[in-house]
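One line per chain: the protein sequences are A and B, in this order. Using my numbering, you'd call the opening residue of the first sequence number 1 and step up by one each time. Using my numbering, you'd call the opening residue of the second sequence number 1 and step up by one each time.
Careful: at least some of the hints might be erroneous.
27 Å max Cα-Cα, derived DSSO-like pairs, lysine-lysine [stated by the list, open to error]: (1) Lys451/A <-> Lys29/B; (2) Lys491/A <-> Lys471/A; (3) Lys71/B <-> Lys470/A; (4) Lys478/A <-> Lys512/A; (5) Lys457/A <-> Lys29/B; (6) Lys479/A <-> Lys498/A; (7) Lys118/B <-> Lys470/A; (8) Lys449/A <-> Lys81/B; (9) Lys71/B <-> Lys449/A; (10) Lys402/A <-> Lys71/B; (11) Lys402/A <-> Lys89/B; (12) Lys471/A <-> Lys89/B; (13) Lys485/A <-> Lys511/A; (14) Lys451/A <-> Lys118/B; (15) Lys511/A <-> Lys483/A; (16) Lys103/A <-> Lys73/A; (17) Lys485/A <-> Lys471/A; (18) Lys478/A <-> Lys402/A; (19) Lys103/A <-> Lys470/A; (20) Lys89/B <-> Lys406/A; (21) Lys483/A <-> Lys471/A; (22) Lys73/A <-> Lys479/A; (23) Lys479/A <-> Lys457/A; (24) Lys203/A <-> Lys118/B; (25) Lys449/A <-> Lys89/B; (26) Lys457/A <-> Lys81/B; (27) Lys471/A <-> Lys497/A; (28) Lys512/A <-> Lys133/B.
Cβ-to-Cβ under 8 Å is the rule here; a few derived chain B residues that face chain A [stated by the list, open to error]: (29) Pro34; (30) Gln38; (31) Cys48; (32) Gln50; (33) Pro58; (34) Val125; (35) Gly145; (36) Ser169; (37) Pro173.
These stretches of chain A come out as covered by chain B in the derived footprint (C-beta under 8 Å, 3 or more residues) [as the list claims (entries may be wrong)]: (38) 98–109; (39) 194–203; (40) 447–455.
Keep in mind the hints are simulated off the structure, nothing from the lab. Backbone N, C-alpha and C fix where the C-beta goes; we use that ideal spot for every residue, glycine too.
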Amino acid sequence: MNRGNDIIFHSSYQIHGGIHPPENKAQSNQSPIQDLPIPPQLVYPLLHNDRPLTPTVEVGERVLAGQIIADGKEATSANLHAGTSGIVSAIEEHSLPHPSSDKGQCLVITADGADEWAPRSALKSAFEQPREALLEHINQAGIAGLGGAVFPSHIKLASQVETLIVNAAECEPYITCDDRLMREQASELITAIELVLYLASAKQCVIGIEDNKPEAIAALEEAIQLRKKETDLDIRIGVVPTRYPSGGEKQLIELLTGQQVPQNQRPSALGLLVHNVATLYAIYQAIVLGQPLISRVVTLTGDAATKPGNYRVRLGTPINWLLEQTDTQPYERCVMGGPMMGFELKDLSAPVVKATNCIIAAGKNELSEPSQALACIRCGECADACPASLLPQQLYWFSRAKDFEKTRDYNLFDCIECGACAWVCPSHIPLVQYYRFAKTEIRAQDEEKRKADAARKRHEFRTMRLERDKKERAERHKKAAEKRKNAAQSKGEVDEKKATVADAIARARAKKKAAKDSSS
Amino acid sequence: MSTFVAVVLLVLLAAACGALLGFAAIHFKVESDPVVEQIDAILPQTQCGQCGYPGCRPYAEAIANGDEINKCPPGGEAGVKALADLLGKDIVPLDESLEEAAPTVAYIREDECIGCTKCIQACPVDAILGAPKLMHTVIVDECTGCDLCVAPCPVDCIDMIPISDKGWSWPEPAQRIPVQQVV
Chain A
1 MNRGNDIIFH SSYQIHGGIH PPENKAQSNQ SPIQDLPIPP QLVYPLLHND RPLTPTVEVG
61 ERVLAGQIIA DGKEATSANL HAGTSGIVSA IEEHSLPHPS SDKGQCLVIT ADGADEWAPR
121 SALKSAFEQP REALLEHINQ AGIAGLGGAV FPSHIKLASQ VETLIVNAAE CEPYITCDDR
181 LMREQASELI TAIELVLYLA SAKQCVIGIE DNKPEAIAAL EEAIQLRKKE TDLDIRIGVV
241 PTRYPSGGEK QLIELLTGQQ VPQNQRPSAL GLLVHNVATL YAIYQAIVLG QPLISRVVTL
301 TGDAATKPGN YRVRLGTPIN WLLEQTDTQP YERCVMGGPM MGFELKDLSA PVVKATNCII
361 AAGKNELSEP SQALACIRCG ECADACPASL LPQQLYWFSR AKDFEKTRDY NLFDCIECGA
421 CAWVCPSHIP LVQYYRFAKT EIRAQDEEKR KADAARKRHE FRTMRLERDK KERAERHKKA
481 AEKRKNAAQS KGEVDEKKAT VADAIARARA KKKAAKDSSS
Chain B
1 MSTFVAVVLL VLLAAACGAL LGFAAIHFKV ESDPVVEQID AILPQTQCGQ CGYPGCRPYA
61 EAIANGDEIN KCPPGGEAGV KALADLLGKD IVPLDESLEE AAPTVAYIRE DECIGCTKCI
121 QACPVDAILG APKLMHTVIV DECTGCDLCV APCPVDCIDM IPISDKGWSW PEPAQRIPVQ
181 QVV
């Protein structure tokens, strides 16, 4: 890392590939973050990262804002909290904010309008608390990576690292929620950074940010300078050129440090920890304000949005309520997430969840339906654009031919699904869709193989056990026969049959006697 | 003379080759037939016996000895294809007397179970738990859905339940052919 005494430095490292799509950020980053009213009904999918959550409340029960309403058994799931006070009115099938637009089990809370809070438990003097207490607090608060991956934060924070990297790149077009958060809550974010530095025993922090957010950079610089007057802190702002996808975890690390995260490893292998800005703010809320993760900043934008901007929305708010409250005009399509990695919402009654960073109400000709895919002309544009230095064209051929072994050989699992290859493709081939399809097929095959191997092992063990039992039984019988023979010979009895009978009678007597003794 | 030398040389050469082969036969001996291993790796390991052999491995051995490759319904068409690829045979449709069925899992209606242990003895992968005169239950994660436990049950309390939907996965992109309006 190029060191200097200044807070701000411009990184000189580069990544392979990347693209420059139209930014479209000015529509939504002009006005401050506004609170969206609480809807009459909040809907909570009982899912976290596609894994089920178990409700901890019953239908008909009254819940308070901030109360845990569901938790997950698996390590990769996070607690879910009620967004406002009200009655749990149902646990039923409801549309999910998911590319499948399937329905799934959701918990519905009918708000009572009082917005009464459960007692908030802020951690007093957090820096004197043991790390475990802080981690448990973050776990209880249900905090997960708000950049989109929603991986539980307390697991990531448990590792000890050298450097914290704050992912403030926000490279995807249209999205501005992190930008606004940094402009408005810079000092809170610095406090959160200090907390995470303490938690991860890290010595320094680098905030990675694209150079298209000068206001956010200025706000952060001011907050860092203010804080530096009071205490000794090593927080710096690493400015990277605006280029999609600089905000990919591995891409940002390479841009700031020049190092590549090894294949199949996490940034902690390089002594790094990467957290998104919104996640840090959630950590601040949990520890300093004692408020679990019940709301997030969502960017509402697109040509059809009459009041584009950023809104603080309670999780569980149906997206059509968000559109109604903001007087959004009729739109052509509605996309959750950005234009590169997001997906179209078919049913707008789906709620805002932890991963919802942006809603695009697209007007006519804005995010048009993908046009007819043409044949690949082998131009190689995709390979130039790929930020992971893969060969998208080869991956496309092999995925299409369902030659999944080959896709694996060509490092399909290093693909971050950023969509840069599809964006540059002159034939409009939906490349990322092919990769996602191949990935899910490979995972399913692996699972089948694992099951078959387990069944084989169990069957072989069973066969071995049955044979062993048979052998042991034969051995026992042989031994018993020999014993009887010897006994008969010693008694001088020649008739083996008689000896066997005598032996059996003796055994039965002994048994009877033992039974009598134990009962009396 | 030259005939004698030639005979001696050939005998020596044959002896040397024989010794080499003998040495290789002892020191580089392959324990089991690698083809059987490869076939066994393709078979789905349900151990259901629908092929007519007592388990997947015996069927793998039978295939290696020339039996048909289309007798495994749990493996389905995909399994037949994989076997055909491995053995260089033609792809044949699944044996008509056998049907490719959706994957299932055994379920014991526990209040009806009399605890006879007959299903436990029938299970090829030890996936049923229980003791004499005590209720039995199926370890769902280990059950291969072979339905060998259904027939021995004297009170018919075992159901084969189809495994519900494996969850959503990304679909294969549609390969559409452009339709042009010709006036």
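Results of checking the hints against the structure:
1. Restraint check for Lys451/A and Lys29/B: not satisfied, since their Cα atoms lie roughly 31 Å apart, outside the 27 Å limit.
2. Between the alpha carbons of Lys491/A and Lys471/A the distance comes to roughly 30 Å, so the proposed pair goes past 27 Å and is violated.
3. The hinted pair formed by Lys71/B and Lys470/A fails the criterion: a straight-line CA distance of about 31 Å is larger than 27 Å.
4. For the suggested pair Lys478/A and Lys512/A, the alpha carbons sit about 26 Å apart, so the restraint of at most 27 Å is met.
5. A hinted pair counts as satisfied when its Cα atoms are at most 27 Å apart, and Lys457/A with Lys29/B qualifies at roughly 24 Å.
6. Distance restraint check for Lys479/A and Lys498/A: the Cα-Cα separation of roughly 18 Å lies within the 27 Å cut-off, and the hinted pair is therefore satisfied.
7. Restraint check for Lys118/B and Lys470/A: satisfied, since their Cα atoms lie roughly 18 Å apart, inside the 27 Å limit.
8. With a C-alpha separation of about 16 Å, the suggested pairing of Lys449/A with Lys81/B holds against the 27 Å cut-off.
9. Taken as a hint, the Lys71/B and Lys449/A pair is honoured in the structure, with Cα atoms around 20 Å apart against an allowance of 27 Å.
10. Using a Cα cut-off of 27 Å, the hinted pair Lys402/A and Lys71/B holds, with the two alpha carbons roughly 25 Å apart.
11. With a C-alpha separation of about 21 Å, the suggested pair Lys402/A and Lys89/B falls inside the 27 Å cut-off, and the hint holds.
12. Proximity of Lys471/A to Lys89/B is assessed by CA-CA distance (about 41 Å); at most 27 Å being required, the pair is judged violated.
13. Only pairs whose Cα atoms come within 27 Å are accepted, and Lys485/A paired with Lys511/A is accepted, the gap being roughly 22 Å.
14. Using a Cα cut-off of 27 Å, the hinted pair Lys451/A and Lys118/B holds, with the two alpha carbons roughly 25 Å apart.
15. At most 27 Å may separate the alpha-carbon atoms for a hinted pair to count; Lys511/A and Lys483/A meet this at roughly 19 Å.
16. Distance restraint check for Lys103/A and Lys73/A: the Cα-Cα separation of roughly 22 Å lies within the 27 Å cut-off, and the hinted pair is therefore satisfied.
17. A hinted pair counts as satisfied when its Cα atoms are at most 27 Å apart, and Lys485/A with Lys471/A qualifies at roughly 21 Å.
18. The straight-line distance between the Cα atoms of Lys478/A and Lys402/A is roughly 59 Å, outside the 27 Å bound, and the hint therefore fails.
19. Between Lys103/A and Lys470/A the alpha-carbon distance is near 54 Å, which puts this suggested pair outside the 27 Å criterion.
20. Among the hinted pairs, Lys89/B with Lys406/A is consistent with the structure: their alpha-carbon atoms are about 23 Å apart, no more than 27 Å.
21. This hinted pair checks out: Lys483/A and Lys471/A have alpha carbons roughly 18 Å apart, not beyond 27 Å.
22. Note on Lys73/A and Lys479/A: the hinted pairing is violated, with a Cα-Cα distance of about 53 Å set against a maximum of 27 Å.
23. Between the alpha carbons of Lys479/A and Lys457/A the distance comes to roughly 33 Å, so the proposed pair goes past 27 Å and is violated.
24. Only pairs whose Cα atoms come within 27 Å are accepted, and Lys203/A paired with Lys118/B is rejected, the gap being roughly 64 Å.
25. With a C-alpha separation of about 23 Å, the suggested pair Lys449/A and Lys89/B falls inside the 27 Å cut-off, and the hint holds.
26. Of the pairs offered as hints, the one joining Lys457/A and Lys81/B holds, with about 24 Å between alpha carbons and a cut-off of 27 Å not exceeded.
27. As the CA atoms of Lys471/A and Lys497/A are separated by approximately 25 Å, the hinted pair is consistent with the 27 Å bound.
28. The suggested pairing of Lys512/A with Lys133/B holds, with an alpha-carbon distance near 24 Å, which does not exceed 27 Å.
29. Because the beta carbon of Pro34/B sits about 16 Å from the nearest beta carbon in chain A, more than 8 Å, this interface hint is broken.
30. Violation of the interface hint for Gln38/B is found here, the shortest Cβ-Cβ separation to chain A being roughly 13 Å, above the 8 Å cut-off.
31. Hint on Cys48/B is violated. Least Cβ distance to chain A is approximately 10 Å, over the 8 Å limit.
32. At its closest, the beta carbon of Gln50/B sits 15 Å from a beta carbon of chain A; the interface hint therefore is violated under the 8 Å criterion.
33. For Pro58/B, the shortest C-beta to C-beta distance to chain A is roughly 10 Å, which exceeds 8 Å, and the interface hint is violated.
34. The beta carbon of Val125/B comes within 4 Å of a beta carbon in chain A, closer than 8 Å, and the hint placing it at the interface holds.
35. Contact between Gly145/B and chain A, as hinted, is not supported at the beta carbon level, the nearest pair being about 10 Å apart and thus beyond 8 Å.
36. A least Cβ separation of about 4 Å between Ser169/B and chain A falls short of the 8 Å threshold, and the interface hint therefore holds.
37. Evaluation of the Pro173/B hint against chain A yields a held restraint, the C-beta minimum of about 4 Å falling below 8 Å.
38. Counting residues of the region 98–109 of chain A whose CB lies closer than 8 Å to any CB of chain B gives 4, so the stated coverage by that chain holds, three being the minimum.
39. Against chain B, the region 194–203 of chain A contributes 0 residues with a C-beta closer than 8 Å to a partner C-beta. That does not satisfy the three-residue criterion, and the hint is violated.
40. Interface restraint, the region 447–455 of chain A with chain B: holds (6 residues with C-beta to C-beta distance below 8 Å; minimum three).
The structure fails hints 1, 2, 3, 12, 18, 19, 22, 23, 24, 29, 30, 31, 32, 33, 35 and 39 (numbered hints given earlier, in ascending order).
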